[in-house]
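Protein chains: 2
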Amino acid sequence: MSPSPDFATPAFADVLAAAACIAPHAHATPVLRVRSLDAEAGCSLLFKAEHLQRAGAFKFRGACNAVWSLAPEQAARGVVTHSSGNHGAALALAAATRGIACHVVVPAGAVAPKLAAIAAYGAVLHRCEPGIDAREAACEAVRRRTGANLVHPYADARVIAGQATAALELLGAGGDLDAMVVPVGGGGLGAGTAIALAGVSPRTRLYLAEPAGAADTAASLARGERVADLVPDTVCDGLRATIGAPNLAILRAAGAEALTVDDDATLAAMRLFWQRSKQLVEPSSAVALAAVLQHRPRFAGQRVGIVLSGGNVDLEALCGAGT
Amino acid sequence: MSPSPDFATPAFADVLAAAACIAPHAHATPVLRVRSLDAEAGCSLLFKAEHLQRAGAFKFRGACNAVWSLAPEQAARGVVTHSSGNHGAALALAAATRGIACHVVVPAGAVAPKLAAIAAYGAVLHRCEPGIDAREAACEAVRRRTGANLVHPYADARVIAGQATAALELLGAGGDLDAMVVPVGGGGLGAGTAIALAGVSPRTRLYLAEPAGAADTAASLARGERVADLVPDTVCDGLRATIGAPNLAILRAAGAEALTVDDDATLAAMRLFWQRSKQLVEPSSAVALAAVLQHRPRFAGQRVGIVLSGGNVDLEALCGAGT
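Listed in order, the protein sequences are those of chains A and B. Counting in UniProt numbering, the first sequence runs from 1 upward without gaps. Counting in UniProt numbering, the second sequence runs from 1 upward without gaps.
Extracted from the complex, chain A is given alone in its bound form:
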């Protein structure tokens, strides 16, 4: 699923438009403070609680902006994507808010509770073999047959502008920030955050927290070109995608820096956050806190915004059936 050929980098005005577009549908999630974690990290942490977003992840913002940006005659043909995770559920729910069809191509082996969520929001599931080629082919076949509009999970200007609204709200509620740390997979949230920062707070440095087992963004930034041949191996199921080409371009231009984190550190940070905040965030969210804890000197005494990307935890995988 390559980005649409007409991809144009969103401007800050597109972010503001996205904020207005999704406001009737998305939650303005709270910004959480956890005093004991501030003490632990040696800085002031402001957590944007996107695990409390509709469908349980920030992905609803981008999906919602994409769905509601369609002209009525386009919208009537529905939307299609391939995603076994939060983007699929988010697009399904966004389509439901507009009463249009949603097709989601899901690969064999996808996590059962996430598929159940996608189906519960009313989407039509299309199974395919695992692997990006099979997924793209199945997605294209559905698109041709139905005329549905492709909504890419991250290499899509409407999606990026939508994801940017999380950072916009965090900056609005949290005040001046020295740094912002967001998890990075395909780079929709990262690119959106870069655009929001450029518009509101150019001095705020942007860090991308990335699993060491899926560190294609770190490699791409280091090499100066997109590294797309890594095979992801991480517990962070939301961060296995390869950085999108337009996303990488936006992040490079913004001077974003990647911080890689081992899964062990991510799971320890997740458990710490669960215990201290009583908020159930998924590993893909905890990677950002783990990055801060792993680089304490860099953030010492600063005001640091963190986007808690989602709360769709696969409890059976993490805790076993005994939970």
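Each hint should be verified, as a subset may be incorrect.
Said to hold, decoys possible - Residues on chain A that point at chain B, a partial pick, calculated with CB under 8 Å:
hint : residue
1    : L125
2    : H126
3    : R127
4    : C128
5    : Q275
6    : Q279
7    : G311
As the list claims (entries may be wrong) - What the simulated footprint calls covered on chain B by chain A, stretch by stretch (three residues with Cβ under 8 Å from a Cβ of chain A suffice, anywhere in the stretch; the number is not a length):
hint : region
8    : 50-62
9    : 129-136
10   : 147-155
Derived by calculation from the structure, the hints in this document are not laboratory data. Given the structure is predicted, the values throughout are model-derived calculations rather than measurements. Where is the CB? At the ideal position from N, CA and C, for every residue including glycine.
Use these hints to put chain B onto chain A, whose structure you have.
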């Protein structure tokens, strides 16, 4: 640790006084709604989020009221209790808010994270053998040596009046309720809720959700007298205490009804609540939701208040070290 001989059943005025007393120290926790759980339960559920209370449980309310009710010369001698769980941590933090000493007698085999929390709040830990006799003896020894004031976890009028403020706030924020469901162990929360309901909303029925493996309250209500010889066997570590004598008297007079729940149903309800709300509540909280789900016809179409008693989950025990 028998109730103090001067126990006098708290009146509704004592609940109002407790609310004023603890207001500078305790959180007024939010009332949460989870639409998909309403659909699942067939009724409107209003969750009082005491897992977000200070020290992670409603217990802080009663402990705080007890600590701040002491005359200055009493307070100077500190407080003492025996508890390996939420009451110990709550009393430790409450004592810290007043700057007085807190002694907590903890039995061998107590859960390590809960002990760490008690110590982190500044309490002095006193180890003893397991078993109620050893605990009471150790507690009495500390009391004699230090002159500290005994604060019983539930058979204490100040504690009961403090716990009642959770229900008071829920009734204030949640409006008219047909039923209130609270977990029951020693009966501090239950008795407090009964007094709050009598003062604010006498028509609201009170249900006590109790683990089937620690159903001494159900047995006591059925028999008309206190049944104190059951050996608790439940995953709900906050609900293993035997109902207190004054607590039982208050609950009998209020016409409260016990609903017993198997641990399997409690753990399923806990996992469901985690997934739907992204809020990490402990098994002792989930027992109340499980009771409602198990008795759908009884609550059909009603407005039902549930006190989420705490969020101090022993993740290692529930999920294993891999989490």
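Tested hints:
The beta carbon of L125 (chain A) comes no nearer than 19 Å to any beta carbon in chain B, farther than 8 Å, and the hint placing it at the interface is violated. Interface hint at H126 (chain A): violated, since its Cβ lies 25 Å from the closest Cβ of chain B, which is beyond the 8 Å cut-off. The interface hint given for R127 (chain A) is broken, as the beta carbon of that residue sits about 23 Å from the closest beta carbon of chain B, more than 8 Å. Checking C128 (chain A) against chain B: minimum C-beta separation of about 26 Å lies over 8 Å; hint violated.
With a least beta-carbon distance of about 7 Å to chain B, the hint placing Q275 (chain A) at the interface is held under the 8 Å criterion. For the restraint placing Q279 (chain A) at the interface with chain B, the shortest Cβ-Cβ distance is roughly 6 Å, inside the 8 Å limit, so the hint holds. For G311 (chain A), the shortest C-beta to C-beta distance to chain B is roughly 4 Å, which falls under 8 Å, so the interface hint holds. Counting residues of the region 50-62 of chain B whose CB falls under 8 Å from any CB of chain A gives 3; the rule of at least 3 is met.
With 0 residues having a Cβ less than 8 Å from any Cβ of chain A, the region 129-136 of chain B misses the three-residue criterion, and the hint is violated. By the rule of at least three residues with a Cβ nearer than 8 Å to a Cβ of chain A, the coverage given for the region 147-155 of chain B is violated, with 0 such residues.
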